[in-house]
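Visitor: The lines below spell out each chain.
2 protein chains.
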Amino acid sequence: MTIHDLPTDRRIGGARLRTVLGVWQRTGPSYVALADALRAAILSGSVPLSTRLPSERELALVLDVSRTTSTAAYGLLRDEGYVASRRGSGTVTTLPDGPGLRVGLPAPGSGDDLVDLSIAAPSAPSSLHAAYLAALDGLPRHLAATGYAPSGIAALREAIADWYVRRGTPTTADQILVTTGAQQAIHLLVSAHAGPGDRVVVEHPTYPHAIEAVRAVGARPVPVPAGVDGLDLDLLESTLRQSAPRLVYLIPDHRNPTGTSLSPSERERVRSLARRHRTMVVGDEVLTELTIEGPAPVSFAGDGGASGQVVSIGSASKSFWGGLRVGWVRGHPDLVARLATIRSHVDMGTPILEQLVVAHLLTAGDETLARRRAELRVRRDHLVGLLRERLPQWQVPIPRGGLALWVDLGTPASSALAAIAPRHGVRVAAGPAFAVDGSFERNLRLPFSEPPEALERAVDGLTLAWDALGTGPITLGAPARMVV
Amino acid sequence: MTIHDLPTDRRIGGARLRTVLGVWQRTGPSYVALADALRAAILSGSVPLSTRLPSERELALVLDVSRTTSTAAYGLLRDEGYVASRRGSGTVTTLPDGPGLRVGLPAPGSGDDLVDLSIAAPSAPSSLHAAYLAALDGLPRHLAATGYAPSGIAALREAIADWYVRRGTPTTADQILVTTGAQQAIHLLVSAHAGPGDRVVVEHPTYPHAIEAVRAVGARPVPVPAGVDGLDLDLLESTLRQSAPRLVYLIPDHRNPTGTSLSPSERERVRSLARRHRTMVVGDEVLTELTIEGPAPVSFAGDGGASGQVVSIGSASKSFWGGLRVGWVRGHPDLVARLATIRSHVDMGTPILEQLVVAHLLTAGDETLARRRAELRVRRDHLVGLLRERLPQWQVPIPRGGLALWVDLGTPASSALAAIAPRHGVRVAAGPAFAVDGSFERNLRLPFSEPPEALERAVDGLTLAWDALGTGPITLGAPARMVV
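If you read the sequences in order, they're chains A and B. Numbering of the first sequence is given in our numbering, commencing with residue 8 and proceeding in unit increments. Numbering of the second sequence is given in our numbering, commencing with residue 8 and proceeding in unit increments.
Excised from the complex, chain A in its bound form (with noise of 0.2 angstroms):
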């Protein structure tokens, strides 16, 4: 095939476009007006990308405006990046912050000046220089051999089992796989035990690269509630005896996005009602580090006895810095060799240095991990006192841990204000970035992992797109669905 009929099968008609657009004129131009109804549409999802929208003259037709209009609304997107138009496949849907990210996610770190809060993600501990250092130390012992390493350094898997050890859950090296980062965790434990078709439970609102890595194996998201008041137990229940799922993942501790968590009993339960059903849990340990009040989180994995069915995955991106890719994968030493085996498919292995370095920072990083949640915590409360005075129609509630607030706009306008945020200097992801239906619309995710004076910019550039958005915010329409 060539670059030129690479599929973009997808489209959108028009009828579908105006009800996915819902009531979009209000005051103002209306080719900006339409545009920007446009751009939250694609933004949260709700037209995906690389999606062929209906053409200028169709546009016109059904949404009963000038073919002046609908072709100025393109123009002004295409300025801006976020449709092209291709030979042969007249207007497609795309994004202006280039590669490597979901619709609906702005790109992570792009190299403007905007205040980037579309990632909840930490910069590096000062620390972190002197593990490098450490690590190079270390180094020379694996110079001598090939660097190849697929299931993790032996120095590594026995520093992650102790993590586990002292979190009381007994663990022994042969348990643990090394991966790069937590997201080939998931998408290991993914492919192992789901295929097209198959039912993957997710908590709902979740990690939006957890809700792709199980569409990306033809397999069916299937969203148990996990809102402020945590994940729905009985719901989670009735859905494993009912759609006998293959897989179920859960993030325990301080959740992405809402930032609630499993209680002990709550572990108890679910972890019995994995043995009962048969179903394999994954719990993604990644925040579990990241506890700002109140006691730190007892192990997801229990006393891990027995558990074939409990699996428990980390990661370093979090604790200490994202740009080490060092995550990994707690589970029966039998599924440890499968997905070993899987992984050698995907890549040969994590580089050497950072394991040495990840080694390091879990046996004496726990001074940083001290610093590091001080500074979270001062960090939180920073942010939820600027959203308190400059914003004050917003519900805020306040996580006991993790990276992120979990903001309820109190009308259906995250998408409207995550399109025209970056304007006004900041980058937000809207709530249907973490719904596997495009729902949430009400809810904004707003990460306090970045520097005070940072946060004052962004909470300044809300704030005048919040105005910008006028009294009467876009309404989107319905819960906007993945329209294929």
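Calculated from the structure, these hints are not laboratory results. Keep in mind that a hint or two might mislead.
To be verified - Where chain A lies over chain B, by a calculated footprint (3+ residues, C-beta under 8 angstroms): (1) 143 to 150; (2) 153 to 166; (3) 189 to 196.
Each residue gets a CB set at the ideal place from its N, CA and C atoms; glycine is no exception.
Based on these hints, arrange chain B on the given structure of chain A.
Guide: Here is chain B on its own, set in the frame of chain A:
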């Protein structure tokens, strides 16, 4: 699902196993000979991993041996770790070297004192430590950010683009996607273009993990012969015409395992075939920098003009060190954007420090490469000399580059040799490991990337193993096929 019902649905019947084993009887204890033959079949992939073997009783029956012999043979293999007895699943094939490897490929760099010639990869150059230090100097600039760069950091994408420009292929940074090694590049390209039932053309023999990546998405590898005379381009052309593959995977320079290369005119023809048949052709240039004699190869991507169908992948693993895990794809910006999106389902990027190291090596690594080439030339000639002296009955073609010799044993004993070689202190990959269909039993890949003294110990071991096979080496029965 629980661990204990992890699928072991593959069985091999007694009759089929007898065919696969062929004539295995020879002097010495029957149970050792039977164990050797079974081990060879497992290592060659003719009996796949996690396959349930016949019961000891059935085995004794079909092979017409005593129950004691079959029981002792299984017992020996169990002790060695080639079979395991699983609750409710009888005797199942497994591998002693732990997770992370393909049947037929022993575990890379296992922690024993064998000479490991199963993997063709050099140890790190002495200059690598300095490269890490240089990268560490450049790191602070990145520590203030979140460390997420799904497509790669600009500095590396530009350094890679320049590498192509220096070789006569105009390239811009937006044509480069940084990956977690070349294996991920292969995985992403296959995932993006091939699905269940699709055909993907591969050279035969070829890099085993490329065959795996094709099978992992349910696609069918279509082998085109690439023996000592190089790739059969007429057959490639008729294959493109007749079986309309979604993708072609080639190693244009110093092919793994045969060591042959495409001539400049052959490259020209491959590119025009790609255009004419609108088929994407992927050239794996991981070995390109390892020319031992003769001129450096011309760029596979040619002038790069209008060649959406010609894609190149590369890696620092063979030129510099496998422990870096940095690879890349060079293609049309649209393709790069699509791959980056798929990649974000697999992992979130490549570690920043490793990217800085490789950016440094690509710009300042010429001297390192020159030393490596000189060193490889010496080691190649040393291994060829040793083999001609000690194992004169083997045919040893001399490659002009790369990392390995593709030896013709003169008899189909490769898997048998690989099976017993570890007892004599050396680990090798049998010919069938590089096959789509279990062929190449006459061939053995012998990397010369190890230091001279290691090569000497390896040839000592191979000589002993060869003698141990006896005058009448084990016949494994005509082309072993995957038994599923």
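Visitor: Do three or more residues of the stretch 153 to 166 of chain B come closer than 8 angstroms to chain A, measuring C-beta to C-beta?
Guide: holds (count 7)
Visitor: Are at least 3 residues of the stretch 189 to 196 of chain B within less than 8 angstroms of chain A when you compare beta carbons?
Guide: Coverage by chain A holds for the stretch 189 to 196 of chain B (3 residues, Cβ < 8 angstroms).
Visitor: Check, residue by residue, whether the stretch 143 to 150 of chain B contains three or more positions whose beta-carbon lies closer than 8 angstroms to a beta-carbon of chain A, and give the verdict.
Guide: Since 5 is at least three, the answer is holds.
Every hint from the earlier list agrees with this structure, and none is contradicted.
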